[in-house]
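Asks: First to last, the protein sequences are chains A and B. The opening position of the first sequence corresponds to residue 1 in the numbering used here, with each subsequent residue numbered one higher. The opening position of the second sequence corresponds to residue 1 in the numbering used here, with each subsequent residue numbered one higher.
Some hints could be false.
[What the hints assert, rightly or not] Restricting the straight-line Cα-Cα distance to at most 20 Å, the calculated cross-link-like pairs of lysine to aspartate or glutamate (EDC-like) are:
#1 A:24 / B:179
#2 A:23 / B:28
#3 B:23 / A:117
#4 A:24 / B:117
#5 A:186 / B:151
#6 A:125 / B:179
#7 A:125 / B:181
Don't read these hints as lab results, they were simulated from the structure.
2 protein chains.
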Amino acid sequence: MGRKSLKEARKKEIIKVFYGLAKKNGLENTSIAKIAAKMEINPSLIIHYFQTREDLVYGLVDYILDKYKLIYKVSAAHSKDSRKALLEIIGNIFSKKWNALFDDGLFYGCYAMAFHDAKVRDLYKKLLDSLREMLIGHIEQCREDGVLDIEDVETVADNIFVLIDGAYFYLSLVSDKNEYEHRLAKYRQQALSILHLKELSEVAG
Amino acid sequence: MGRKSLKEARKKEIIKVFYGLAKKNGLENTSIAKIAAKMEINPSLIIHYFQTREDLVYGLVDYILDKYKLIYKVSAAHSKDSRKALLEIIGNIFSKKWNALFDDGLFYGCYAMAFHDAKVRDLYKKLLDSLREMLIGHIEQCREDGVLDIEDVETVADNIFVLIDGAYFYLSLVSDKNEYEHRLAKYRQQALSILHLKELSEVAG
DNA sequence: TTATAAATTGAATGAATGTTCAATTAATTT
DNA sequence: AAATTAATTGAACATTCATTCAATTTATAA
Numbered sequence: 001m002g003r004k005s006l007k008e009a010r011k012k013e014i015i016k017v018f019y020g021l022a023k024k025n026g027l028e029n030t031s032i033a034k035i036a037a038k039m040e041i042n043p044s045l046i047i048h049y050f051q052t053r054e055d056l057v058y059g060l061v062d063y064i065l066d067k068y069k070l071i072y073k074v075s076a077a078h079s080k081d082s083r084k085a086l087l088e089i090i091g092n093i094f095s096k097k098w099n100a101l102f103d104d105g106l107f108y109g110c111y112a113m114a115f116h117d118a119k120v121r122d123l124y125k126k127l128l129d130s131l132r133e134m135l136i137g138h139i140e141q142c143r144e145d146g147v148l149d150i151e152d153v154e155t156v157a158d159n160i161f162v163l164i165d166g167a168y169f170y171l172s173l174v175s176d177k178n179e180y181e182h183r184l185a186k187y188r189q190q191a192l193s194i195l196h197l198k199e200l201s202e203v204a205g
Numbered sequence: 001m002g003r004k005s006l007k008e009a010r011k012k013e014i015i016k017v018f019y020g021l022a023k024k025n026g027l028e029n030t031s032i033a034k035i036a037a038k039m040e041i042n043p044s045l046i047i048h049y050f051q052t053r054e055d056l057v058y059g060l061v062d063y064i065l066d067k068y069k070l071i072y073k074v075s076a077a078h079s080k081d082s083r084k085a086l087l088e089i090i091g092n093i094f095s096k097k098w099n100a101l102f103d104d105g106l107f108y109g110c111y112a113m114a115f116h117d118a119k120v121r122d123l124y125k126k127l128l129d130s131l132r133e134m135l136i137g138h139i140e141q142c143r144e145d146g147v148l149d150i151e152d153v154e155t156v157a158d159n160i161f162v163l164i165d166g167a168y169f170y171l172s173l174v175s176d177k178n179e180y181e182h183r184l185a186k187y188r189q190q191a192l193s194i195l196h197l198k199e200l201s202e203v204a205g
């Protein structure tokens with residue numbers, strides 16, 4: 001009996017507001033009090049759900065990494081065709097839509113925490129490793145299906161993986177829209193070149 | 001007349017202590033008071049030299065980016081031989097010594113600030129662009145000297161540039177020494193492959 | 001030695017921080 | 001209706017924060 005718990009839903013609400021404010025003003029300028037003010041609730045309610053600010057930040061990191069994971073999602077339509085699946089992933093990764101859906105500033109802000117917080121470090125490490133494994137899996141599948149001419153799958157996957165991180169890193173500073181798209185296209189090309197593939201025109205959406 | 005100014009030297013001292021503390025505890029956990037305590041001086045002295053905390057942070061960013069620039073330095077010995085100069089740069093970049101000399105955590109922490117601070121953004125953008133230009137210059141020189149078989153210099157430079165950023169990004173999370181060195185070697189190999197060069201055994205130090 | 005200018009201290013400020021605890025309000029079950 | 005459980009508030013806490021200002025110490029040149 002008693003009232004039914006809103007715990008999980010409420011925690012997510014709080015983290016979303018946290019995310020929004022931190023995106024605008026930076027992680028270091030976003031306090032519990034400010035989140036509470038924005039939500040028009042009492043600061044102690046936030047502490048009620050997350051016992052400490054530290055836990056709240058861990059929640060944000062989870063939230064951010066979950067979003068990041070989406071970049072590697074494959075649509076059901078291509079899940080049977082390994083070649084199309086891989087091309088979709090490459091196409092997705094090097095598409096400008098992430099610019100709107102995902103905030104790089106927070107991604108790097110939280111990443112910086114990994115250097116003095118073991119828990120954050122583990123979260124990032126595990127995520128990145130799982131994404132790389134996923135990429136290896138897709139490429140391996142393509143090779144088995146005979147649609148990809150590659151010797152060392154791991155090395156190829158690794159080079160693409162690093163290309164992604166580096167591309168995202170630099171692109172975050174490019175504000176000119178045309179330059180942004182131009183570079184994005186170049187990086188995609190480079191990814192395909194690493195895979196020994198030509199430019200993709202067949203796979204759209 | 002009057003006392004001679006220690007301003008610049010003192011500012012640098014303060015920033016070095018700032019750097020040291022922020023490296024250990026994170027940027028967000030390093031206050032003016034803590035820096036002052038570590039130096040056994042009065043907090044107001046720090047404000048005397050840097051008018052606001054904001055300015056102090058800008059000073060730190062400058063300091064960090066200056067260090068980062070060193071990665072691209074070419075020793076005098078190789079400055080006449082474009083091929084050796086390029087190989088030295090590649091060798092330098094993908095060497096583990098930066099792990100000790102340079103703190104990636106702060107680099108990313110400050111980088112995150114670029115997303116909501118125009119000044120920091122400009123500092124990073126200008127530095128990265130100048131480094132890329134530098135790389136283009138070296139590669140272009142090699143091509144002119146006929147020691148490099150490359151069509152599109154800018155694209156090649158860009159791909160290496162992005163490889164560097166991506167490599168640094170992921171390597172920051174690799175704590176196992178053997179894996180670290182193994183990956184580093186792989187990334188260097190990939191850089192040379194982009195340049196259409198074989199593994200370098202001739203250039204040491 | 002005296003004037004000068006910079007270095008440095010020390011005390012004080014108000015605002016914001018994260019966190020606590022007890023009290024109250026609002027659902028849901030018996 | 002009564003009991004129960006969770007949501008939420010509100011007041012208070014000690015700490016820390018960046019910053020201020022006036023006072024003092026210290027070095028240098030005239």
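Asks: None of the hints should be skipped; say for each whether it holds.
Replies: Hint by hint, here is what the structure shows:
1. A:24 / B:179: Cα-Cα ~37 Å, so violated.
2. A:23 / B:28: holds, 16 Å
3. B:23 / A:117: Cα-Cα ~12 Å, so holds.
4. A:24 / B:117: holds, 10 Å
5. A:186 / B:151: holds, 15 Å
6. A:125 / B:179: Cα-Cα ~14 Å, so holds.
7. A:125 / B:181: Holds, because 17 Å separates the two Cα atoms, which is no more than 20 Å.
Hint 1 alone, counting from the list given before, is not met by this structure.
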